[in-house]
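S.K.: Chains as they are written, first to last, in this note's numbering: chain E, 1 to 537; chain S, 1 to 102; chain V, 1 to 625.
These are computed hints drawn from the structure, not numbers from a lab. In this text, a Cβ means the ideal position worked out from N, Cα and C, and glycines have one as well. It is possible that part of the hints are untrue.
As the list claims (entries may be wrong) - In silico DSS-like pairs for lysine-lysine, Cα to Cα no more than 30 Å straight-line:
no.	chain 1	residue 1	chain 2	residue 2
1	E	475	E	326
2	V	145	E	397
3	E	230	E	531
4	E	397	E	326
5	E	29	E	113
6	E	326	E	230
7	E	475	E	397
8	E	475	E	399
9	V	358	E	326
10	V	358	V	145
11	E	475	V	145
12	V	145	E	399
13	V	604	S	25
14	V	187	V	284
15	E	113	E	475
As the list claims (entries may be wrong) - So these bits of chain V aren't anywhere near chain E, every CB distance computed over 12 Å:
no.	residue
16	185
17	450
18	616
19	617
What the hints assert, rightly or not - Heads up, incomplete: computed chain V residues facing chain E, CB under 7 Å, no partners named:
no.	residue
20	144
21	153
22	156
23	161
24	458
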Amino acid sequence: MHHYLISLLIFTPLLVAVVGLFIPAKAEKYFRYSTLGVNLFQLAVLVMMLMRYVTEAGVQFVEKKSWITLSLGSWGMLKAEYFVGVDGLGMPMVALSVFVLLIATISSWTIDKNVKGYFLLLLILNAAIIGSFTALDFLLFYLFFEFMLLPMFFLIAIWGGARREYASIKFFLYTLLGSIFILIAMIALYISVHDPSSSGQLVHSFNLLNMTDPTNFISNSVLDPNNPWKIGPLDARLWAFLLLFFGFAIKLPMVPVHTWLPDAHVEAPTPVSVILAALLLKIGGYGLVRIAFPIFPEAAMHFSMFIGVMGVISIIYGGLNAMASKDLKRLIAYSSVSHMGFVLLGLASITPEGVAGSIYQMFSHGLVSALLFLIAGVLYDRTHDRTIGNYSGLSIKMKSYTAIVLVGFFASMGLPGFSGFIAEIMIFLGAFKSNSVNGLLHESLAIIATLGLILGAAYYLWTLQRMFFGPYDLKGNIAHSSIYDLNNREYLMLIPLAIAALFFGIFPQPLINFIDPFARNFSEFVLSTGKSLTLNP
Amino acid sequence: MFPIHHFLLLAAFLFCAGLLVIIVKRNAIMVLLGIELMLNASNLNLVAFNQLHPAQLGGQMFALFVIIVAVCEAAVGLAIVLRIYQYYQTSVPDEISELRDS
Amino acid sequence: MVSFIVSGRISEKYSWAVTFVAPLFLLVSALSAGYVFYTIWGDQPYVVQWSWFTIGDTNLSAGIYLNNISALMVLIVTLISFLVHVYSTGYMAGDEGITRYFSMLGFFTFAMLGIVLADSLLLVFVFWEMVGFASYMLIGHWKDKPEAAAAASKAFLFNRIGDAGFLIGLMLIWTNTGTFDLAELAKVQDIYSWQTTASLCLFCGVMGKSAQFPLLTWLPDAMEGPTPVSALIHAATMVAAGVFLLARVDFLFTPTALDVIAIVGIITACMAALSALVQSDIKKILAYSTISQLGLMITAIGAGSSAAAMLHLFTHAFFKAGLFLCAGIVIHVLHQAQQQAHTHFNVQDIRNLGGLRKKLPFTFVAFILSGSALAGLPFFSGFLSKDAILTAIAGWKGSDFSWRWIVFIAAFIVSFITVIYTFRMIWTVFMGEEKSTASLPVVEPPLVMRGPVALLAIASVWLIVSVNPFHYHGWIFNVLHSGKHFDLGIISFISVLWITLAVATSYFIFRKKTISSELLLNNFYLDKLYTSAIGKPSLRLASMVSFVDRKCIDGFIHVSAYAQVTTAHFIGWFDRAIVDGTVNGIASLSRVAGNMTRSFQGGKIQLYILWAILAIIIFLIWTLF
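Next up, chain E with everything else stripped away, as it sits in the complex (with noise of 0.2 Å):
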């Protein structure tokens, strides 16, 4: 049983929205109840699988089914799998995306507008974004990654808000890009990459396993790692390794390509806002320690200082821009662009703090973008207003709505006692001791980077004092009647949210658990791989 447990989660929705396909339209209940009831089962199949893991074993609930075997004649075989699994990597972030999909269901509720597209659109996005995380096989997950791309064009571009096709076509251009640099990497991989266990014949596949072994590589092939092609100044490796980190970057946001970022968030609805930040960035980080960092090792090595660079670029840059700006979701977004930094900086590091902060980070900005989002929601519901100079003085009118956003913003600031906190201390003991320990990073990055934190107090406490403190005030066209507190449902989806940000901050062992055993395997593999390879000339 618990051997498909991963194909029961990635397919359940779809499989409902399949159903959801016959349904009349009008049966606005039927789609709202089935999807929450696809993501009530997915947690409880979550639950079951956390109960089964076991944190020092490696990838687990493996699912292996040949899907295309095809031969080519003499250009051997191409071979690829159905092959899901999740690790300490997988594992937290599967348990997000369930968590953050329930919550963003529930946020739905106010969507009237063509209820059964939306409901089939979010099922489908569901099952892609459970199969990106869980994929190992690199032409499956570059299938879901896509596969994410359409109901995410479609959720914005049809339920978004004013400038909703300027937005929902930058985020499909941008995307898309990044999918033409992931998929010539991809390419040169399978032409390069052998199969080892099928002895005798040539066969071809996209196993991500079999690609993080260097002796798996064809001599003489294209990233062959002892005899690389030489393209312009650079191996064909690192141009490789280069094009998938730039594909995962601009999903990252990395800075100078994240202004899809504030666009999309600011003209998609509530819930999509929460799926885009919560989990679709999140892929771009996966996507970096599952693919760019094992399968080059020696060129994550090589370009780290890079990486780190652009991380606390993106941290500073994002900070300041957060400042700037006159719209709440705006400020949220920037501020995501600043916290993704953090990722990229404990990613350089490889030392085992800095991954698993990234990690960690990655989890818990998935928590806390999920609730700011959700914040900016519940007032954009009332007033349909988000420029924040037009409110004053909130925290009289709606005193449940203001605690709720002192914790999201004091999480979101990486005050202790959030998960927040736990995800930058690590991030900055690893950057900060790398150069100690395998010289990739240089200490002021780390001590530059802590100039983000005091942005970040700086930015959220400016728009606490301008919004909800001060004498109760309106300007623009807002109706006084419009501000009310918090109703039962919005209970209900913020604060499962603060208490895991919270949970999180103060017993972070639980979750790092699962991540630390992964991290260390993982600068272990990458620093000795990378080193071992950059010897050979």
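With chain E's structure known, arrange chains S and V on it following the hints.
M.R.: Relative to chain E, chains S and V alone:
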């Protein structure tokens, strides 16, 4: 027996004439006529080349096939043109712009 | 002993329930603190540890590290917190945010105890920030007041700036030693070069929290919070956390770092003392005086005597809390009287007050007691602890003339000014003619407010330090001093020289005492003395310092904030115009290309055929020739 290049020249002339008709004429029926001309040009070629291998009848056979196909094509094509004429009140393809975006 | 932490936690969780429960829990924790203090005092450090989380090869633990210093702090924190809780039930009665107030007060006490008891620097940092959060919430308690919100943000931001330095220090320490554990760190005997940087980074955190130069301006603003909060957080405990931290990790500090600390401390002390002279808001005077006293403590740490600093911290906590609570009484009763009489003037402005000794005799006496301790009059606790600090600095300055002598002299000047502003305050508030308050029906506050004040005032006499009123080698100092685990060996206290110096110091303070008591007795030429002898030059100097304070430091902060916002705007523009512009440019390029190619496909079938034939012809020509 005529030398083969006379047939070929005639066929080339017919083919070019058909092509010109297809390109120049605006009416769909005329375009179909042009196609017929081109088909007949190829038929002529087929039969002419059969001279080189008098023992075999491949060329004539092909020509026959082409004639049959041409008949079918003309029937279907004319039927389509007729329906289009009934629906749009015109048989000029350029005036039918239902699927154009601007 | 563990129960004691638990009681701290309980107070945090339940205090919102009923107002009266909160002080009760604090009483329990204060009693257990007393027990802890009794058992631990003078003994070996007590250590309990639990594993918090393990990452890589690092095990980050959470635990308790109780030694003499922390036991003393625990006592101070719980006792004063208890008294303030009791006081607050009177002061805050009828406030609509009272549950929030008490829960934050409880949370603060919990976090403060966390700092005091934490066994690792990381944990200290955790609670350090939590304390900052509690302080933020409490300063901004009256959140509809824009000034309160601004002050709260300012306080948190200043703390954050310091904390960033703290964090860098933590990273340095961890990279070089691989541990945050205080007991482990204490084993580092040799002096490494990184220690100077690391300890100065830690000191950055202290600057933020203890309002040291140049991060001192948030504390006077923080007086927007309720007065009991000012007493607890911004006078007695939180701001003293910096001093405590320095005393706790004094083994890390190198001589260079200590010199820097001493200089910063004395600059702060001078600036704040001079500022206190010209303030008219009673709470701001007290705030500046707090900063100045903290500066003295920091100087003492810099001079190598954390024992003296802790002693002063101990005495200061009591008398300053007492002063604040007295000020709170004045504000509270005048407010109530104003509401009855339907008049309005600023009750915190001492120029509006006067002659209150008749209407508030109890408060007057308590204020005199605590104020005398602040001024350092003999027979009061402040005298002894200040004596300890001056002696420490005197020992540290050495016999040859150097810049340390300037510090020494400045410390004397500071204590001199302290006396002046204390008596100015007492004078204008309680003596003289009644001004705006004359017609108000002022009555003494209820017992819950008077009780704590009385206790704190009694605690300002010399007996709590030592039996001998002229010699501070009482029970606290001796234990702390001998209980110090690591002496960096900067100063060796040569007792003989030391005692002579102490006598000289006491003599100097005596003389000062005669001046001030003369002032007290001869109230006629107090004003004259103020204006002619000390007043004018120090006023000018003070307003200059205050100007520097407001314009240069605050101005710099504002300018940098504006610069930051401007940069942020510029970057926002850059984002839209250049980065987005490039993206849009690429999009429009492809649109132009698309339009061009589209013209080939106009839906004209014959055109297609023409193109196809042309293509074939071109192809044929190309292949044939």
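S.K.: For a C-alpha distance cap of 30 Å, please report whether residue 475/E and residue 326/E respect it.
M.R.: holds (14 Å)
S.K.: Take a quick look at whether residue 397/E and residue 326/E sit within 30 Å of each other, Cα to Cα.
M.R.: Roughly 22 Å separates the two Cα atoms, so the pair holds.
S.K.: At 12 Å, judged by beta carbons, does residue 616/V keep clear of chain E as stated?
M.R.: Nearest chain E Cβ is 33 Å from residue 616/V, so the label holds.
S.K.: Is the Cα-Cα distance between residue 326/E and residue 230/E 30 Å or less?
M.R.: The given pair, whose Cα atoms are some 48 Å apart, is violated under the 30 Å limit.
S.K.: Regarding the pair residue 604/V and residue 25/S, is the alpha-carbon distance no greater than 30 Å?
M.R.: holds (12 Å)
S.K.: Would residue 617/V pass as off the interface with chain E, using Cβ distances and a cut of 12 Å?
M.R.: Holds, since 36 Å exceeds 12 Å.
S.K.: Using Cβ atoms and 12 Å as the threshold, tell me whether residue 185/V really stays out of contact range of chain E.
M.R.: Non-interface label stands for residue 185/V: nearest chain E Cβ at 16 Å, farther than 12 Å.
S.K.: Against the 30 Å threshold, does the CA-CA distance of residue 358/V and residue 145/V hold or violate the hint?
M.R.: violated (33 Å)
S.K.: Does the CB of residue 144/V sit less than 7 Å away from some CB of chain E?
M.R.: At about 6 Å, which falls below the 7 Å cut-off, the nearest Cβ of chain E leaves the hint on residue 144/V intact, so it holds.
S.K.: If you draw a straight line from the CA of residue 145/V to the CA of residue 399/E, is it 30 Å or shorter?
M.R.: At roughly 16 Å apart (the allowed maximum being 30 Å), residue 399/E and residue 145/V satisfy the hint.
S.K.: Has the given pair, residue 230/E with residue 531/E, been kept, meaning a C-alpha gap of at most 30 Å?
M.R.: With Cα atoms ~20 Å apart, residue 230/E and residue 531/E stay inside 30 Å; holds.
S.K.: Let me know if the C-beta of residue 153/V comes in closer than 7 Å to any C-beta of chain E, holds or violated.
M.R.: holds (4 Å)
Hints 6, 9, 10, 14, 24 from the earlier list are contradicted by this structure; the remaining hints agree with it.
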